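For the record, the sequence lines run as chains P and C.
The opening residue of the first sequence carries number 1 in the UniProt record's numbering; numbering runs sequentially from there.
The opening residue of the second sequence carries number 1 in the UniProt record's numbering; numbering runs sequentially from there.
Calculated from the structure, these hints are not laboratory results.
Since we're looking at a predicted model, the values are computed, not measured.
Hints should not be assumed to be uniformly reliable.
[Stated by the list, open to error] Footprint (simulated), chain C over chain P, 3 or more residues, beta carbon under 8 angstroms: (1) 4-17; (2) 39-46; (3) 49-60; (4) 83-94.
[Stated by the list, open to error] Cross-link-like lysine-lysine pairs, in silico, DSS-like; alpha carbons within 25 angstroms at most: (5) P:Lys44 <-> C:Lys15; (6) C:Lys192 <-> C:Lys165; (7) C:Lys44 <-> P:Lys54.
All C-beta atoms, glycine included, are put in the ideal place defined by N, C-alpha and C.
So the chains spell out like this:
Number of protein chains: 2
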Amino acid sequence: MSNSEIDHLIQLLSKLPGLGPRSARRATLYLIGRRESLLAPLSKAMALAAENVKICRTCGNLDTVDPCAICSNPKRDQSIICVVEDIADLWALERSDAFRGRYHILGGTLSALDGIGPDELNIEGLVSRVREPQITEVILALNATVDGQTTSHYISDRLDASDVKISRLAHGVPVGGELDYLDDGTLSAALKSRRSLRGD
Amino acid sequence: MSNSEIDHLIQLLSKLPGLGPRSARRATLYLIGRRESLLAPLSKAMALAAENVKICRTCGNLDTVDPCAICSNPKRDQSIICVVEDIADLWALERSDAFRGRYHILGGTLSALDGIGPDELNIEGLVSRVREPQITEVILALNATVDGQTTSHYISDRLDASDVKISRLAHGVPVGGELDYLDDGTLSAALKSRRSLRGD
Chain P
1 MSNSEIDHLI QLLSKLPGLG PRSARRATLY LIGRRESLLA PLSKAMALAA
51 ENVKICRTCG NLDTVDPCAI CSNPKRDQSI ICVVEDIADL WALERSDAFR
101 GRYHILGGTL SALDGIGPDE LNIEGLVSRV REPQITEVIL ALNATVDGQT
151 TSHYISDRLD ASDVKISRLA HGVPVGGELD YLDDGTLSAA LKSRRSLRGD
Chain C
1 MSNSEIDHLI QLLSKLPGLG PRSARRATLY LIGRRESLLA PLSKAMALAA
51 ENVKICRTCG NLDTVDPCAI CSNPKRDQSI ICVVEDIADL WALERSDAFR
101 GRYHILGGTL SALDGIGPDE LNIEGLVSRV REPQITEVIL ALNATVDGQT
151 TSHYISDRLD ASDVKISRLA HGVPVGGELD YLDDGTLSAA LKSRRSLRGD
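Work out the full structure, taking the sequences as your base and the hints as a guide.
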């Protein structure tokens, strides 16, 4: 590869998660072969994103406006806050279209090994948001990992003084999942939280 | 995802080979988190590539100059042409640093199934290049697939009239390869082309 501009593009692309040097070369050739339909629009979209995307000061979401479209949407339930680890989790919940309240993004989980304590996460922001009088429930939608659950416990302790309802996502069999492939922890959680089929 | 600019970036990134919607979302978050160090430089590198990269009219290589740096380099052997399928193959050979001649990129292989005949490939360009008096050898470095070998045969037929030497890459055991994992065709090719260890 004699060409420094192509080399530079390959080198930058290979830094993306999921792309290595080999797939970055493939992507570069693909892009140069689709100059008008993909390369130029992608370059423009990246420049726009670099310039315009902001972090919402209320919830931590990414948007071109601050507060973000979710926080400023009057149709969304102002009384429920759903706490998530990161923006990818917010996107996943939005795709499911199952939640109509607002979010709060922590920016990670507590992790002693990685040296992430409460001060590294946006927990103070959550505590002060929960003090607003219209808030009635906080849903802790953190990952069902050790770090996620530790963080859930820590947050529910921190919110102990307030009288809002605090809930977490249900544990159980994933929809479409086969029992044979589930781990013991999930199975026993699903059994413990079993639901009556004939009404309670 | 409420935001059209972020959505647009995700949608364009997901068109890259090797990235799907999920990894495009991950890459987008990664990029926005590294705005100065990666997103802006990548956007700029793409704009530069879209504007400046040309196809070399001699060999079909990509470069910012035409003829490309390889074709115009006087230190490279002007008497040997190495025929490859595409630019990725040229890059692979350049990385190996084993070839000091010039290249000719076909742009694919003959393929009856995909409707690719001799007119779709840059074969006429090769035939007229081989007529130049300084050319003494053409190396057919095509993939060892059925289509690649068919194309090799076709090209060597087309060059039959000229008196240049025509060669192909050796078949055999890949360096570092284990015999146990090799297919029968490769093993018998390696056996047939065995080399004496004590000099001939």
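Violated hints - listed by number, lowest first
none
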